[in-house]
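Enquirer: Spelled out, the chains give:
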Amino acid sequence: MINEIISMNGYGSYVWSAFSFTLLSFTSLYFLTKSQLIKEQSRFVSKFGSLTKEKARVAKSQNINKEILSNTYKV
Amino acid sequence: MYKYFSINKLFSITSKAPKYVLFILIIVLSVGLTEALYLSPEDYKQGHSVRIMYVHVPSAWISLGIFSIIALLSVGSFIFKNKNFSIISKSLAPSGFIFNIIALVTGSIWGKPTWGTWWAWDARITSMLILALFYGMYLLAWRVFEDKEQVIKITSIIAILGVINVPIIKFSVDWWNTLHQTASVNVLSNTSIHTSMLIPLGIMTAAFVLFSLLIFLMKYNTELIKIKNKGLDRL
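If you're matching them up, the sequences are chains A and B in order. Going by this note's numbering, the letters in the first sequence line up with residues 1 to 75, in that order. Going by this note's numbering, the letters in the second sequence line up with residues 1 to 235, in that order.
Treat the hints as calculated values from the structure; they're not laboratory data. Any given hint might turn out to be false.
[To be verified] Derived EDC-like pairs (lysine to aspartate or glutamate); straight-line CA-CA distance at most 20 angstroms:
#, chain 1, residue 1, chain 2, residue 2
1, B, LYS83, B, GLU42
2, B, LYS230, A, GLU54
3, A, LYS60, B, ASP233
4, B, LYS226, B, GLU146
5, A, LYS55, B, ASP233
6, B, LYS112, B, GLU42
7, B, LYS230, B, GLU149
8, B, LYS230, B, ASP147
9, B, LYS230, B, GLU146
10, B, LYS81, B, ASP122
11, B, LYS148, B, ASP233
12, B, LYS81, B, GLU149
13, A, LYS39, B, ASP233
14, B, LYS112, B, ASP122
15, A, LYS53, B, ASP233
16, B, LYS81, B, ASP147
17, B, LYS83, B, ASP147
18, B, LYS170, B, ASP122
19, A, LYS47, B, ASP233
20, B, LYS45, A, GLU4
21, B, LYS226, B, ASP147
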């Protein structure tokens, strides 16, 4: 039965290569996008850490900045 | 209308959503793959090679759909001058491009056992290749041009010009004599595909939509954080 699923009456190489290419494209794009997101989040955190107290207070008054800090590395 | 597209409001949703979307995607994709590779029947003419349809067709549909949305948002950004439209468009483009490439590659793989060739310069395949070139130009423009106003204008023009190709892709099989078969799934008229194949096709389409949503959300968050990084520099 396993052999039947793999060979698919001679069409196995076509079917499996099409599905493998699709899943490989999915995983590549997912990890590429995730690494870009993590890079930007780390840049944001390090920039935020280098702000003076006054500037950090101003930056924290924006909700979106608080959201970014709270969601870092949780994706 | 603007309040629904405010960056603060959208970010509070998009920053939390990816983990839930990923969870649902894994479940739907697992069911879809089981249906597509094992449970669905083989075709009486094409045999098991018909299973390639379950990745080829949803990819083509989604790449066309995403490009149409990008073009619509580009028109919107011209009319409403809302920069968030261009951020949404930019975030949608990578998954649209990948689906276009998947449609071309899996179509080529499917072509070998059914038509006896990997590639044919017929109207449907060539117009899909042209769409991939438009996607490529669109993504490249975002990388090449530095000026914000200029890049929004250029990418919008590329999207609006490229969308002319979308109806050509859709109707190419009716307008010209092509190797590619005519549409089997129709919204407005009868669908010629059996339910046993239509169900896995629907599940795989849902999984692919979820994947493009996941990539969109992650990319959109990245773009917003980039903007906020520039904001911190200006403080």
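Enquirer: Compare the structure with each hint and give your call.
Expert: Comparing the hints with the structure gives:
{"no.": "1", "hint": "B:LYS83 - B:GLU42", "result": "violated (48 angstroms)"}
{"no.": "2", "hint": "B:LYS230 - A:GLU54", "result": "holds (18 angstroms)"}
{"no.": "3", "hint": "A:LYS60 - B:ASP233", "result": "holds (14 angstroms)"}
{"no.": "4", "hint": "B:LYS226 - B:GLU146", "result": "holds (14 angstroms)"}
{"no.": "5", "hint": "A:LYS55 - B:ASP233", "result": "holds (11 angstroms)"}
{"no.": "6", "hint": "B:LYS112 - B:GLU42", "result": "holds (17 angstroms)"}
{"no.": "7", "hint": "B:LYS230 - B:GLU149", "result": "holds (16 angstroms)"}
{"no.": "8", "hint": "B:LYS230 - B:ASP147", "result": "holds (14 angstroms)"}
{"no.": "9", "hint": "B:LYS230 - B:GLU146", "result": "holds (14 angstroms)"}
{"no.": "10", "hint": "B:LYS81 - B:ASP122", "result": "violated (39 angstroms)"}
{"no.": "11", "hint": "B:LYS148 - B:ASP233", "result": "holds (17 angstroms)"}
{"no.": "12", "hint": "B:LYS81 - B:GLU149", "result": "holds (10 angstroms)"}
{"no.": "13", "hint": "A:LYS39 - B:ASP233", "result": "holds (17 angstroms)"}
{"no.": "14", "hint": "B:LYS112 - B:ASP122", "result": "holds (15 angstroms)"}
{"no.": "15", "hint": "A:LYS53 - B:ASP233", "result": "holds (15 angstroms)"}
{"no.": "16", "hint": "B:LYS81 - B:ASP147", "result": "holds (16 angstroms)"}
{"no.": "17", "hint": "B:LYS83 - B:ASP147", "result": "holds (14 angstroms)"}
{"no.": "18", "hint": "B:LYS170 - B:ASP122", "result": "holds (13 angstroms)"}
{"no.": "19", "hint": "A:LYS47 - B:ASP233", "result": "holds (8 angstroms)"}
{"no.": "20", "hint": "B:LYS45 - A:GLU4", "result": "holds (18 angstroms)"}
{"no.": "21", "hint": "B:LYS226 - B:ASP147", "result": "holds (15 angstroms)"}
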